Structures are given as structure tokens and as C-alpha cells.
Amino acid sequence: KQEVTQIPAALSVPEGENLVLNCSFTDSAIYNLQWFRQDPGKGLTSLLLIQSSQREQTSGRLNASLDKSSGRSTLYIAASQPGDSATYLCAVGWGFSGGSNYKLTFGKGTLLTVNP
Amino acid sequence: DTEVTQTPKHLVMGMTNKKSLKCEQHMGHRAMYWYKQKAKKPPELMFVYSYEKLSINESVPSRFSPECPNSSLLNLHLHALQPEDSALYLCASSHIGQGQKNIQYFGAGTRLSVL
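Line order of the protein sequences matches chains V and Z. Per this note's numbering, the very first residue in the first sequence carries number 1; after that it's consecutive. Per this note's numbering, the very first residue in the second sequence carries number 1; after that it's consecutive.
Keep in mind the hints are simulated off the structure, nothing from the lab. Because the structure is a prediction, the values reported are computed rather than measured. Idealized CB from N, CA, C, for every residue including glycine. A hint or two may mislead.
Stated by the list, open to error - Distance condition first, Cα-Cα at most 27 Å in a straight line; then the derived DSSO-like pairs of lysine-lysine:
no. : chain 1 : residue 1 : chain 2 : residue 2
1   : V       : Lys42     : Z       : Lys41
2   : Z       : Lys22     : V       : Lys42
3   : Z       : Lys41     : V       : Lys103
4   : Z       : Lys101    : V       : Lys1
5   : V       : Lys1      : Z       : Lys22
6   : Z       : Lys40     : V       : Lys108
7   : V       : Lys42     : Z       : Lys19
8   : V       : Lys103    : Z       : Lys36
9   : Z       : Lys40     : V       : Lys42
10  : V       : Lys103    : Z       : Lys101
11  : Z       : Lys18     : V       : Lys108
12  : Z       : Lys40     : V       : Lys103
13  : V       : Lys1      : Z       : Lys41
14  : Z       : Lys53     : Z       : Lys22
Unchecked claim - So these bits of chain Z aren't anywhere near chain V, every CB distance computed over 12 Å:
no. : residue
15  : Ser50
16  : Pro66
17  : Ala80
18  : Asp85
Just chain Z, with the same shape it has in the complex (with noise of 0.2 Å):
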């Protein structure tokens, strides 16, 4: 099984709303990503966890707040969001080692459109 379950796959939020978005994965992975997808841009690596502590933070505004509960979950919290936070969110896993280990699994997105 390689697969990495996001939910929900749509979104839609007021600015003053709280949300948030979830991703799931039973591969054994303990690197969890999450990335930001606008339209007709690659993606931008937002988070990083490894054996469940956050590692990287790409200077997210705190508006995004993630949360890795286990080694199986990713959460990430959404609060006072701006419309410029519309865009596909793409949560991703991987193994933590050399070689073929980095190959990272990617969940199909959620689309959010923050009105």
C-alpha cells in the first residue's frame, strides 16, 4: 500500500473560520511534509516532521499550524486565513534514510478556497 490519504479533498472557509486538514498514511513512514500548490506553480515545502517533531518550518505565516499526533498523522490547522491562502495543499511521506528511502509519496491535495 502506498497510498496517502488526504481529506477533505475540497475546502471551502470565511477568513474569522477554523479548519483543518488531515493526512494519513500506513506505509511506516516518519517524514511527513506538507507543501502548498498554487495554480500553475510547483509546489512550496511549507513543514516537515520526522519521527514526529517538526524539523522544518519554511517560515509559515502562524496562521498554518501543523500537528504530527502519531506516526501515522499529519494535521495541519487553519485559522484567520487570508484569500491568498487559496490553493491546492499537498501533504507527502517518506522513509528517513539513503537512497531509494527519499522517494516521497504524495496525497492527491486538498483544494482550498479561503472567501
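Isolated chain V, as found in the complex (with noise of 0.2 Å):
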């Protein structure tokens, strides 16, 4: 059975201040990765997708990795704002070949906040 792990489970930072999420999962045959933006009582927004073949995705301000024989994946944000606060959650998609069996697991999500 796939487990996703984030820690921290919070984070409080400063304005401006650069940061990495961090992502673990115990199954190393994974399809892809996502990272996901949750702000409170809304539905996810994808950030950005890591295909298993792949070792990081950019997209902005937002840097993510993944090394897949150690399970483990981060997410860097760059010169974070307060508009970055949310929930970011990692899953993993595995499944047959990406087809209909295709499913993600979801981790528990990293709190985060960003102080003006």
C-alpha cells in the first residue's frame, strides 16, 4: 500500500524568505507526482506535475524534484509571499501506464504561512 509522508505539517515563515516542502513516499513504482495548492475550504489547484522519468519540474517561482529510488520529492518556493499561504499537498499517481487504473495518493499537506 502506497503512504505519502509531509513534513513539516506547518511552517510559519517571513516574507520573502525561500523554502522547501518536503515529500516521501514508501512505493518507489510511482507513474508521476503532483504538487497541489489548497486554500482553506476550496478545491485543489495543480501546481505542478513530475513525470517519473523526470527529475524536477519549474514553473515561476515554484521548483519541484523528485529522486524516485530514494521515494522522495521536494518542492521549492522562491521569494515567498503572503499570497503563497495555503495548504500544499503532495500525491503520487500510480496506476497501469497512466490508463484508467490511474490514481493518485494523497499526503496529509504542509501548512503554510507567510508573514508580511
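Join the two chains, each given in its own frame, into one complex according to the hints.
As C-alpha cells, then:
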């Protein structure tokens, strides 16, 4: 059974700081890994998707890395802003070749607060 | 348009009621998902539809009945729910295939309270 762990559970930083969120998973036979953002009481917004054959993916101030063999991923946020405050969820995608059995298993998330 | 629309936004129902949740997308996605999320917990997968056919049922109680009438619409029919079923119900959709096609787009959810 795939288990996904995120550390830390909560993080509070001053505005402008660079930060790293961590995600680990128990079964390295993954298809891909996705990072999502969730604002309180809202749905999820996809931030980045890294395929199992990739090492990293970048979008703006966000950079996600994947080390499939060690079962780890990190999300790096540069120059954090108060608007980045949210819960960040890591989700491992697995199943058969990304087809009809493809599904996500989520970690519990990291609650990020960026203080002005 | 990357929008997944869920209705209603909020729903309060008694344990003997029958209600339905609706999800709609117009992105041409052929995979649609229902998740349940309790407070301060991650989303948990309930059902997956691929090409309008149920492909995954994560051992969900029969009081939850999914339906996919066409490629744009996904329903979740609710009957005889329990108070512990109160949660945020999220719908998502994605393409079926490889690479970035697996990105799932989520709706804002339906906040369900069972009295």
C-alpha cells in the first residue's frame, strides 16, 4: 500500500524567504508525482506534475524535484509572498501506465503561512 | 477553460433524504473522479470513471452511487447517509494518457452536512 508523508506539517516564514517542502513515499513504482495547493474550504489547484522519468519541473517561483529511487520529492518556493499562504499537498500517481487504473494518493499536506 | 463546476456549493440533508451532487467539465477530459475530504485531512479517492465507465471503486458504501451520463457530467447520488459522511466532496477531471495529461483539475467542492 502506497503511503505518502509530508514534512513539516506546518511552516511559518517571513515574506521574501526561500523555503522547501518535503514529501516521501513508500513505493517507488510510481507513474508521476503532483504538487497541489489548497486554500481553506476550497478545491485543489495543480502546481506541478513531475513524470517518473524526470528529475525536476519548474513553474515561475516554484521548483519541484523527484528522486524516485529514494522515494522523495521536494517543492522549493523562492521569494515567498503572503499570497503563497495555503496548504500544499503532494500526491503520488500510480496505476497501470497512466490509464484507466491511474489514481492519486495524497499526503496530509504542509500548512504554509507567509507573514508580511 | 480549465474549470470544473460543482453544484451545489453547500448541502444539508437528513439521514433519510436522497440528494445528488453534480460535476461538470468542458475540457474534453475522459477521466473523472470523486474524492471525499474530511477536515484537516487529505482527499481520499472514492470513484474513477474512464470513458464514462466506472473503473475504480475504492470500496465505497452503497449509500453513495456514482453516475456518469456523458463525457462532461458526473453525478454522485446520496441516500441514507450517516453523520460521519459529512465532508467536502471534490470532483476532478483529467485526460487519459501519458505525461502532463494526467494533471487533475479540481472543482471547488460541495460542503455536505448530514444531520
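Okay, the hints, checked on the actual structure:
no. : hint                : result
1   : V:Lys42 / Z:Lys41   : holds, 13 Å
2   : Z:Lys22 / V:Lys42   : holds, 16 Å
3   : Z:Lys41 / V:Lys103  : holds, 18 Å
4   : Z:Lys101 / V:Lys1   : holds, 25 Å
5   : V:Lys1 / Z:Lys22    : violated, 31 Å
6   : Z:Lys40 / V:Lys108  : holds, 8 Å
7   : V:Lys42 / Z:Lys19   : holds, 21 Å
8   : V:Lys103 / Z:Lys36  : holds, 14 Å
9   : Z:Lys40 / V:Lys42   : holds, 12 Å
10  : V:Lys103 / Z:Lys101 : holds, 13 Å
11  : Z:Lys18 / V:Lys108  : violated, 31 Å
12  : Z:Lys40 / V:Lys103  : holds, 21 Å
13  : V:Lys1 / Z:Lys41    : holds, 18 Å
14  : Z:Lys53 / Z:Lys22   : holds, 17 Å
15  : Ser50               : violated, 4 Å
16  : Pro66               : holds, 15 Å
17  : Ala80               : holds, 26 Å
18  : Asp85               : holds, 18 Å
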